[in-house]
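**Student:** Residues per chain are reported as follows:
Number of protein chains: 2
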Amino acid sequence: MAAKKFDRSSLEQLLSKRFFYTPAFSIYGGVAGLYDYGPTGCALQANILNTWRNHFVLEEDMLELDCTIMTPAEVLKTSGHVEKFADWMCKDPKTGEIFRADHLVEGVLEGRLEGDKLARSEPIAAEAACPEGAKKKKEKKKKGAVVAVKLEDSVKAEYEHILAQIDNYSGPELGELMKKYDIKSPETGNDLTEPVEFNLMFESSIGPTGQLKGYLRPETAQGQFLNFKRLLEFNNDRMPFASAQIGKSFRNEISPRSGLLRVREFTMAEIEHYVDPLSKKHARFAEVKDQVVRLLPASVQLEGRTELSEITIGEAVEKKIVDNETLGYFLVRIYLFLTKIGINPERLRFRQHMSNEMAHYACDCWDAEIETSYGWIECVGCADRSAYDLTVHSVKTKEKLVVREALPEPRVIEKLQVEINKKVFGSKLKRGAKPVEEYLTALDEAAAQKLKDDMAANGGKINVTGTDGNEYEVTSEMVSVEKVTIKEHVREYTPNVIEPSFGIGRIMYSLMEHAYWTREGDEQRSVLSFPIGVAPFKCLVLPISNQAEFQKPLQNLTSNLRRLGISSKIDDSSASIGRRYARNDELGTPYAITVDFQTVADGTVTLRERDTTKQIREKVEVILELVNQLVAEKITWEQVLEKHQVFVQQEVAN
Amino acid sequence: MAAKKFDRSSLEQLLSKRFFYTPAFSIYGGVAGLYDYGPTGCALQANILNTWRNHFVLEEDMLELDCTIMTPAEVLKTSGHVEKFADWMCKDPKTGEIFRADHLVEGVLEGRLEGDKLARSEPIAAEAACPEGAKKKKEKKKKGAVVAVKLEDSVKAEYEHILAQIDNYSGPELGELMKKYDIKSPETGNDLTEPVEFNLMFESSIGPTGQLKGYLRPETAQGQFLNFKRLLEFNNDRMPFASAQIGKSFRNEISPRSGLLRVREFTMAEIEHYVDPLSKKHARFAEVKDQVVRLLPASVQLEGRTELSEITIGEAVEKKIVDNETLGYFLVRIYLFLTKIGINPERLRFRQHMSNEMAHYACDCWDAEIETSYGWIECVGCADRSAYDLTVHSVKTKEKLVVREALPEPRVIEKLQVEINKKVFGSKLKRGAKPVEEYLTALDEAAAQKLKDDMAANGGKINVTGTDGNEYEVTSEMVSVEKVTIKEHVREYTPNVIEPSFGIGRIMYSLMEHAYWTREGDEQRSVLSFPIGVAPFKCLVLPISNQAEFQKPLQNLTSNLRRLGISSKIDDSSASIGRRYARNDELGTPYAITVDFQTVADGTVTLRERDTTKQIREKVEVILELVNQLVAEKITWEQVLEKHQVFVQQEVAN
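As they're listed, the protein sequences go chains S and P.
Per my numbering, residue 1 is the first one in the first sequence, and the count goes up by one each step.
Per my numbering, residue 1 is the first one in the second sequence, and the count goes up by one each step.
With a straight-line cut-off of 20 angstroms between C-alpha atoms, the simulated SDA-like cross-links for lysine to any residue are:
1. K400/S with E233/S
2. K398/S with G29/P
3. K422/P with V481/P
4. K396/S with G30/P
5. K400/P with G29/S
6. K400/S with G29/P
7. K213/P with G29/S
8. K17/P with R583/P
9. K340/P with G565/S
10. K396/S with I27/P
Reference listing, derived: stretches of chain P covered by chain S, where coverage requires no fewer than 3 residues with Cβ under 8 angstroms from a Cβ of chain S:
11. 28 to 36
12. 66 to 74
13. 86 to 99
14. 195 to 203
15. 206 to 213
16. 250 to 262
Because the hints were derived from the structure by calculation, they are not lab data.
Note that beta-carbon positions come from the ideal geometry of N, C-alpha and C, so glycine has one too.
Build out the structure end to end from the sequences listed, making use of the hints.
**Tutor:** Structure representation (structure tokens):
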């Protein structure tokens with residue numbers, strides 16, 4: 001319902017006027033993709049993060065970290081980000097303008113489909129189908145995109161099929177699509193260059209010599225992986241467990257657009273949940289298994305379709321639509337978090353990544369996508385990173401990043417082992433003894449077998465390369481390869497990682513769209529219906545007019561609210577009471593307490609609720625206690641109205 | 001007292017073992033000046049920031065912002081940081097090693113004074129005077145610094161005089177000191193290069209073309225200044241008011257040392273309080289005026305002395321030791337914040353900056369310095385930035401960053417004004433009309449007078465340069481300069497800014513030193529006595545041993561604590577109860593609830609307090625309510641002990 005009536009430009013005006021956010025450096029002309037949060041946005045964000053911390057970190061005893069943003073290049077080379085964390089861009093060589101290739105193809109094809117729709121229908125019907133009506137069409141026309149041209153039915157179907165899997169194309173494939181469908185620079189009509197990769201990390205250098213290259217982290221995850229050993233120790237070596245981190249990350253987007261949805265600097269909240277790869281069961285799965293979720297699996301998308309399956313998570317895991325219990329558990333926890341802060345569950349889905357769009361470190365990934373006026377937006381990723389990160393860092397640094405678990409009973413195994421005859425070995429190889437021993441002890445089963453075979457075939461001798469890179473001759477006098485029986489008391493494994501990763505700015509913007517509506521019959525009166533837990537301010541305090549005698553009860557009220565830990569705001573400006581209530585509704589403040597002449601006479605005040613605009617009138621002490629319980633979510637406004645008579649406020653001209 | 005017995009390496013071991021913090025990227029060999037906070041450090045930091053937000057932002061209705069870290073170069077050129085935000089460095093040209101010049105001079109002279117002390121005293125006395133005893137000496141000897149050489153009395157006095165004002169030397173002056181006192185590269189003895197400036201900002205570039213240069217912000221202040229106009233609007237145009245911001249800032253330190261005290265990436269909390277330059281009085285000054293503070297004014301330091309004056313802030317402002325009420329008010333608020341979170345007031349002083357050490361934007365500055373084993377450390381700066389920042393940004397962007405205040409009654413002033421005869425002006429100058437008008441209307445009083453005089457002297461005509469850079473002839477027919485009487489209804493001014501700026505990492509480290517002690521008679525038992533408000537965990541929950549029957553009461557306890565919003569931690573490891581209490585003391589957790597066999601029998605548990613190690617035993621419900629009130633700081637442990645009998649725990653071997 002909200003979606004139908006939604007007017008984005010009105011919302012944006014409201015958000016700017018009430019200082020939720022603003023383009024950063026605007027007095028300097030601004031920089032695309034950088035935004036500042038004002039007092040309201042900042043409070044909303046803090047409340048969302050606080051809810052997140054309670055819902056995830058405290059509820060499940062996660063180990064929270066605060067790691068650095070500046071990261072040496074070596075770490076991100078190992079993690080694969082230097083090579084693979086890139087988007088495809090192409091350039092209009094005549095103007096120098098740069099486009100992100102997938103967004104360009106998507107925009108042009110969408111524009112052509114819109115033009116087709118126009119051509120196929122009456123003008124009026126076309127306008128009704130387009131939520132922003134005439135205005136949007138005009139904007140598009142400026143860019144020369146929407147022209148009423150009917151497409152062949154087969155072409156239309158092709159476009160729709162491509163768009164359903166737009167995230168699945170590689171750069172060269174996007175280049176082919178651009179050729180095949182004659183996609184040019186939208187404003188100039190110039191030919192574009194072939195897509196080339198552009199790494200999305202901001203680069204810098206650390207220290208005064210300029211020799212240590214660094215990047216701003218593109219995710220908060222790496223700092224958590226690098227601390228795995230200490231985290232496991234801190235957790236008394238128990239598995240499974242999770243670490244978590246809230247902080248800024250950076251992506252040097254090619255051409256940021258869509259406001260808060262695609263920015264160059266953003267707050268993330270990430271969880272790395274470490275599990276035994278042999279069992280991804282979750283101890284609390286039973287608590288969530290009956291929750292219904294809306295899923296869009298990869299297989300459906302690859303068929304060019306977008307219908308959602310509504311299914312309990314229990315069934316989804318049983319049918320292997322969702323791979324395992326831990327992944328399923330987190331999908332539900334994500335669902336519960338998003339709906340708790342006010343996301344409309346009807347406009348929330350989980351979409352599985354297709355193989356080509358998956359990040360280089362992931363083996364499976366489900367995105368929580370929220371529907372906004374920009375379409376379905378990825379707001380939370382929930383990836384199975386397998387043992388990828390811990391393995392690559394461990395190989396690179398030679399630091400063991402593993403779990404060691406005592407086996408319930410020892411395991412007896414037979415295994416080929418290289419035995420070294422120390423005395424002969426040392427005296428023959430001298431300085432070479434150490435590098436050769438290092439080489440030999442690192443051999444796995446198959447390599448040891450090969451060494452044995454080669455040595456036998458070669459008359460009991462063989463040349464090997466030591467860890468110092470030099471070649472040495474090894475003889476059967478020095479070394480033998482024997483089958484030995486080993487009793488293992490400990491199992492050693494690299495944990496797999498399930499990673500729910502939250503883009504806080506995207507969630508916040510989507511929430512603002514979902515919370516926004518206008519009162520019937522009065523287009524000017526916009527409301528942001530945030531749940532009380534995340535609303536920037538819980539309570540407005542205002543005098544009905546500017547009389548000096550209201551000052552004392554006002555101060556009393558605010559100091560009492562502060563004592564109760566309830567964030568409030570005074571509005572004693574000279575605007576009419578109606579205008580100030582309206583302003584309050586635009587800030588999303590759920591309650592307003594008004595001091596008037598009767599307050600001075602009998603110590604009562606009125607309490608107004610934002611969504612119903614209904615009011616009650618009681619003694620100050622009673623109202624304070626009610627507000628306290630409403631904020632703590634111990635009672636609801638409906639319950640308050642059952643017990644207290646609705647009061648009809650007489651507005652006083654000022 | 002704590003200072004005397006303090007053993008830094010034991011504290012550092014504890015902080016590492018309990019994962020308060022750790023060098024970042026340590027499995028990659030680490031990067032100097034970058035640290036990660038573990039779960040305990042992260043919780044401690046979050047609690048400090050939460051206290052800060054309540055103490056400053058909520059208490060005084062400050063407008064909190066969250067601005068971007070990435071900042072275009074133009075902004076930081078205007079603010080002066082590109083030119084002036086630098087330290088002096090010199091280089092050992094043979095080894096390539098780089099030193100920060102002031103730290104080098106300071107270190108060498110301190111080393112020589114220490115050598116002198118050694119030479120003047122008996123070895124045993126010398127050791128007692130050096131808090132870390134033999135170990136420290138040995139370390140220093142490795143670097144070849146401390147050699148027992150007696151200095152002449154006059155040289156010793158010179159060194160002490162220099163060290164008292166070490167922050168006041170420019171680069172060339174440091175170069176002269178190095179020559180005069182023969183200061184070389186400490187380890188190699190090589191000559192060093194002359195000090196050169198090194199800018200401390202991390203550089204990067206924004207966007208795919210690489211053409212937009214950016215820096216990571218060196219302070220959170222600039223984002224606040226750039227939003228001044230919106231902030232003032234949001235505050236209904238009322239003055240004075242403050243904005244605030246908590247966030248990461250970056251300084252590419254030349255050679256970071258001293259652990260958390262000098263790092264390259266750090267969390268700051270900054271307040272920008274905007275005041276009328278004509279009145280820096282503060283409405284709540286009366287509330288703080290009797291607070292005694294310990295001050296070290298610039299004049300005292302310039303005499304080479306370091307004695308503190310203990311004085312009420314009221315008297316300090318009256319005597320102009322502290323410039324104005326607003327500055328004085330914030331010094332006390334800073335004092336109250338720091339002591340609330342656990343900083344020892346005996347080891348806290350306010351030191352005024354000397355003119356050369358002041359940041360380029362400041363006209364006065366007092367640092368809150370905390371005494372640690374590294375000496376007195378600047379932890380909070382409280383600067384008067386005057387109208388510097390708002391003025392430079394306004395001049396650069398032509399955006400007015402001013403306050404407009406209705407005057408109580410209009411002010412009549414006479415003023416020279418350039419009057420343009422539009423008709424003649426336009427027809428004569430044509431395309432030049434606009435640039436010439438822009439030039440003329442921007443003239444100030446003196447320039448207008450000069451124009452009038454020059455035109456009269458020149459027969460009624462004159463050449464001027466328009467804003468387009470071209471020259472035009474202007475005649476008295478087109479332009480006249482007249483004295484006019486103007487009635488001003490509005491006063492327009494650029495506010496001054498008082499800026500309390502908190503280095504959270506430094507405060508946290510100092511707090512950990514102040515909170516640290518070891519129990520009498522048992523050197524192994526270290527304690528971190530954090531106030532309950534900032535302690536990472538409020539309550540430990542533990543079973544006396546590993547019996548299965550303790551599981552249920554344990555779970556009951558933790559879920560009840562969670563419901564009360566009290567952050568707790570379970571320790572059901574197999575270590576003895578004594579060891580687990582000791583571990584708890586090292587985490588700084590104020591209380592521990594223990595489940596034992598009697599719990600199963602009669603529903604009672606014990607409650608142990610960290611600092612006294614005393615315990616009481618009561619029913620679970622009673623203990624939970626006590627803990628709840630202790631955490632809310634409604635009662636003290638002393639009050640609990642008055643009402644409840646001390647219980648003597650029988651330790652059970654495991």
